[in-house]
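Q: Sequence:
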Amino acid sequence: MAGADNNFENTGVSPVSSYQENDERTPITRNEKATAQHTELALNNCERMSYGVGHVLNDLTASMWFSYLLVFLHQVRNFPNLLAGNLMLIGQVSDAIFTPFIGFESDRTQGIKYLGKRKTWHLIGTLCVMASFPFLFIECITCGFAPNIAQFVYYAPFVVIFQFGWAATQISHLSFANDYTPYSGERVRLQSIRNSFTVMSNLSVYGIFVLLFYLEGKSSSGSNDDLGPGDGPKFRNLALISVGLGTVFNVIFYVGTKERRKSSSDQKSLLDPEQTTIERSTVQKSKMQWKDWLKEHQFYQIALLYMTARLYINVSQVYFPMYLTETVKLDKNSIAILPLVTYVSSFFMSLLAPVMNHYAGRKLSYFIGALIGIASCLWLYFVGHRDFTVYGCAVLMGCANSLLLITVISLTSDLIKQDTESGAFVFGAMSFTDKLSNGLAVLLIQKFHPCEGCCPACEPYYRYVQSTIPGGALIVALIALATLGPQIIGERRLRTNTESKESLVDADSDACPQIEVMVSPSQYDPSLRENGFTDSVQCSCGVFYTPPSSCSTCGKPPQYGANGTIRHHADIHHGYDTDDTDDSNEIEPLVRNGNINTPEKSILADHLYTEDNSHHHPCA
1 MAGADNNFEN TGVSPVSSYQ ENDERTPITR NEKATAQHTE LALNNCERMS YGVGHVLNDL
61 TASMWFSYLL VFLHQVRNFP NLLAGNLMLI GQVSDAIFTP FIGFESDRTQ GIKYLGKRKT
121 WHLIGTLCVM ASFPFLFIEC ITCGFAPNIA QFVYYAPFVV IFQFGWAATQ ISHLSFANDY
181 TPYSGERVRL QSIRNSFTVM SNLSVYGIFV LLFYLEGKSS SGSNDDLGPG DGPKFRNLAL
241 ISVGLGTVFN VIFYVGTKER RKSSSDQKSL LDPEQTTIER STVQKSKMQW KDWLKEHQFY
301 QIALLYMTAR LYINVSQVYF PMYLTETVKL DKNSIAILPL VTYVSSFFMS LLAPVMNHYA
361 GRKLSYFIGA LIGIASCLWL YFVGHRDFTV YGCAVLMGCA NSLLLITVIS LTSDLIKQDT
421 ESGAFVFGAM SFTDKLSNGL AVLLIQKFHP CEGCCPACEP YYRYVQSTIP GGALIVALIA
481 LATLGPQIIG ERRLRTNTES KESLVDADSD ACPQIEVMVS PSQYDPSLRE NGFTDSVQCS
541 CGVFYTPPSS CSTCGKPPQY GANGTIRHHA DIHHGYDTDD TDDSNEIEPL VRNGNINTPE
601 KSILADHLYT EDNSHHHPCA
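Using UniProt numbering, you'd call the opening residue of the sequence shown number 1 and step up by one each time.
Don't read these hints as lab results, they were simulated from the structure.
Every residue gets a Cβ at the ideal spot worked out from N, C-alpha and C, and that includes glycine.
Please note that the accuracy of each hint is not assured.
Stated by the list, open to error - Calculated lysine to aspartate or glutamate pairs in the EDC-like style (CA-CA distance at most 20 Å, straight line):
#: 1; residue 1: 417; residue 2: 491
#: 2; residue 1: 447; residue 2: 459
#: 3; residue 1: 329; residue 2: 231
#: 4; residue 1: 291; residue 2: 414
#: 5; residue 1: 417; residue 2: 259
#: 6; residue 1: 332; residue 2: 231
#: 7; residue 1: 363; residue 2: 491
#: 8; residue 1: 258; residue 2: 179
#: 9; residue 1: 258; residue 2: 387
Stated by the list, open to error - Ranges of calculated distance between the beta carbons of each label pair, as one might list FRET restraints:
#: 10; residue 1: 291; residue 2: 459; range: 42 to 52 Å
#: 11; residue 1: 214; residue 2: 153; range: 33 to 43 Å
#: 12; residue 1: 488; residue 2: 459; range: 32 to 42 Å
#: 13; residue 1: 459; residue 2: 78; range: 19 to 29 Å
#: 14; residue 1: 114; residue 2: 244; range: 21 to 31 Å
#: 15; residue 1: 229; residue 2: 348; range: 31 to 41 Å
#: 16; residue 1: 448; residue 2: 486; range: 37 to 47 Å
#: 17; residue 1: 355; residue 2: 476; range: 20 to 30 Å
#: 18; residue 1: 451; residue 2: 150; range: 20 to 30 Å
#: 19; residue 1: 244; residue 2: 331; range: 25 to 35 Å
#: 20; residue 1: 485; residue 2: 207; range: 36 to 46 Å
#: 21; residue 1: 295; residue 2: 486; range: 17 to 27 Å
Based on the sequences and whatever the hints tell you, model everything.
A: Encoded structure:
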């Protein structure tokens with residue numbers, strides 16, 4: 001075994017551990033290395049909070065977009081229902097088109113040197129939102145009394161610019177989390193903090209709106225309880241305050257976070273420290289490109305869960321104000337108070353959601369959130385005139401919103417796993433389904449509206465809208481969740497199929513099975529195993545196991561050759577490595593070339609050594 005030891009000496013790397021410099025060469029164990037790497041990659045509270053505030057501008061503007069755009073256009077600007085719906089559809093379709101493109105470009109481009117590619121796109125999005133959003137809630141400049149179609153043309157470009165900026169900020173912020181930390185638990189915590197700030201942003205919007213109505217009531221004793229053109233300044237002021245406040249928080253995000261760039265030299269440091277060298281080699285050689293995701297069935301299943309969750313959240317948010325004023329017949333300040341109640345309950349659920357995800361799992365958490373959402377839809381159907389039990393519905397809606405959103409984003413992160421080089425594309429594709437479905441839903445709801453203005457037919461219409469469409473979306477979500485039930489999230493069907501196909505050779509070669517030679521440092525020296533070295537090897541059945549334990553799948557124990565190397569225990573390996581010669585010179589080039597355990601290249605052992613050192617075919 002001297003040759004093997006010399007090979008390690010020549011490289012200057014110990015096969016077992018590295019050593020501390022000033023402690024008389026005390027070895028650093030594998031667990032200590034993993035702990036040190038975890039400490040290096042772990043985030044502190046300042047970094048977590050800085051990430052969490054990076055979506056506040058989007059949250060503030062999205063709250064106004066979904067809650068108040070149709071109200072503003074219909075009851076303040078006097079747009080017909082279909083024209084108002086078309087303007088929102090333009091925004092949703094624009095967002096749906098932009099998100100995959102932004103995701104692809106965000107993965108591909110390098111970005112500004114000191115910001116990184118994710119934060120560069122985030123900055124572009126921020127500037128677009130700042131430049132366009134306030135104009136959506138301001139009276140048409142120089143055309144305030146023009147025909148509705150002329151005002152429609154005026155607002156449409158601002159809608160498109162806003163949606164491009166919103167999509168750029170959203171996709172870059174979501175994918176930034178996967179680059180920020182390689183740990184799934186840390187990612188869930190980041191999404192929980194992000195959702196908490198989302199809730200607080202919505203609370204701020206509704207709280208400021210309540211304050212604006214309160215100030216109007218104090219200054220004018222004869223104020224009208226119905227919304228009208230005279231309420232336009234409130235929407236304008238709310239939009240300006242939202243953009244200013246969100247911009248401040250985005251600056252905090254840029255200053256308080258540092259994007260972790262993944263170069264070829266430090267790629268290995270961002271992998272899971274609990275993985276073995278062989279497992280890391282597999283991950284590095286099996287990168288997912290954007291087109292590979294289109295071949296994964298879980299990609300479509302989770303996209304359906306994402307779309308239905310967002311459809312429930314957004315449709316219920318868009319039509320809740322009109323449900324309150326036209327179906328339940330509450331005062332106009334209810335469009336600020338009831339959404340405020342919804343997001344207070346959502347805030348408390350956002351604190352509980354990570355705990356539920358940890359102990360109950362993603363699928364059960366999503367199932368519970370869907371049941372709560374369906375219960376809220378059923379309750380909304382039976383609420384009568386000026387019935388204050390609608391506050392209970394608002395609480396259930398908030399709980400379902402928060403739990404569904406945190407869980408489905410965590411499911412998407414689990415799907416991506418370590419394939420963060422294409423993570424922005426995945427989030428972009430998820431957002432594509434979300435925006436397109438919401439835009440079509442709003443268009444259909446507006447198209448089938450029974451009247452142009454307010455009439456008795458409006459009263460049951462919004463009751464049906466709030467009950468059937470969000471509730472139906474969650475029923476579809478439960479069906480999709482049932483199909484995902486027996487599967488492991490993040491398991492790559494493409495890689496599994498590739499490996500299974502490569503396990504057999506062509507019939508022209510006498511159906512000889514391929515053999516993947518798996519190498520572990522402990523194979524070079526049996527004494528390493530005695531010293532507690534626990535590097536894994538891969539069984540011929542495809543499962544990693546740690547000698548001297550047996551394979552957890554086929555149950556067979558490892559076998560050792562005469563020179564101490566591990567013999568693969570399948571029958572086709574019976575002639576492998578029983579001589580006393582050193583194998584390191586033959587195996588090490590394979591390790592150096594990265595040919596170990598990769599779907600692209602499996603090593604066909606056409607000639608294996610027998611006890612008399614003669615070549616032996618594995619199928620002989």
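Q: Each hint should be assessed against the structure and marked as holding or not.
A: Structure-based check of all given hints:
A C-alpha spacing of about 9 Å is found between residue 417 and residue 491, which places the hinted pair at or below 20 Å, so the restraint holds. About 16 Å separates the Cα atoms of residue 447 and residue 459, which keeps this hinted pair within 20 Å; it holds. A threshold of 20 Å between alpha carbons decides the hint, and for residue 329 with residue 231 the separation of about 19 Å falls inside it, so the pair holds. Distance check on the hinted pair: residue 291 and residue 414 sit about 19 Å apart at the alpha-carbon level, within 20 Å; holds.
For the hint pairing residue 417 with residue 259, the CA-to-CA distance comes to about 18 Å; that is within 20 Å, so the pair holds. Distance restraint check for residue 332 and residue 231: the Cα-Cα separation of roughly 11 Å lies within the 20 Å cut-off, and the hinted pair is therefore satisfied. A distance of roughly 15 Å separates the Cα atoms of residue 363 and residue 491; the hinted pair therefore holds under the 20 Å criterion. With a CA separation close to 10 Å, the supplied pair residue 258 and residue 179 stays within the 20 Å bound.
Proposed proximity of residue 258 and residue 387 is contradicted: the alpha carbons are some 50 Å apart, above 20 Å. At about 50 Å, the beta-carbon gap between residue 291 and residue 459 stays in the expected band of 42 to 52 Å. Take residue 214 and residue 153: their Cβ atoms lie about 36 Å apart, and the range 33 to 43 Å holds. Between residue 488 and residue 459, the C-beta spacing of about 48 Å breaks the proposed range 32 to 42 Å.
Roughly 20 Å separates the CB atoms of residue 459 and residue 78, a value that falls within the hinted 19 to 29 Å. Between residue 114 and residue 244, the C-beta spacing of about 25 Å keeps the proposed range 21 to 31 Å intact. Between residue 229 and residue 348, the C-beta spacing of about 38 Å keeps the proposed range 31 to 41 Å intact. Distance hint check for residue 448 and residue 486: the Cβ-Cβ separation is about 39 Å, which falls inside the suggested range of 37 to 47 Å.
The hinted window of 20 to 30 Å between residue 355 and residue 476 holds, with their beta carbons roughly 27 Å apart. Between residue 451 and residue 150, the C-beta spacing of about 24 Å keeps the proposed range 20 to 30 Å intact. Evaluation of the 25 to 35 Å hint for residue 244 and residue 331 yields a pass: the beta carbon distance comes to about 29 Å. Remark: the range hint 36 to 46 Å for residue 485 to residue 207 is upheld by a beta-carbon distance near 40 Å.
For residue 295 paired with residue 486, a C-beta distance near 20 Å keeps the hint of 17 to 27 Å intact.
In summary, the numbered hints that this structure violates are 9, 12.
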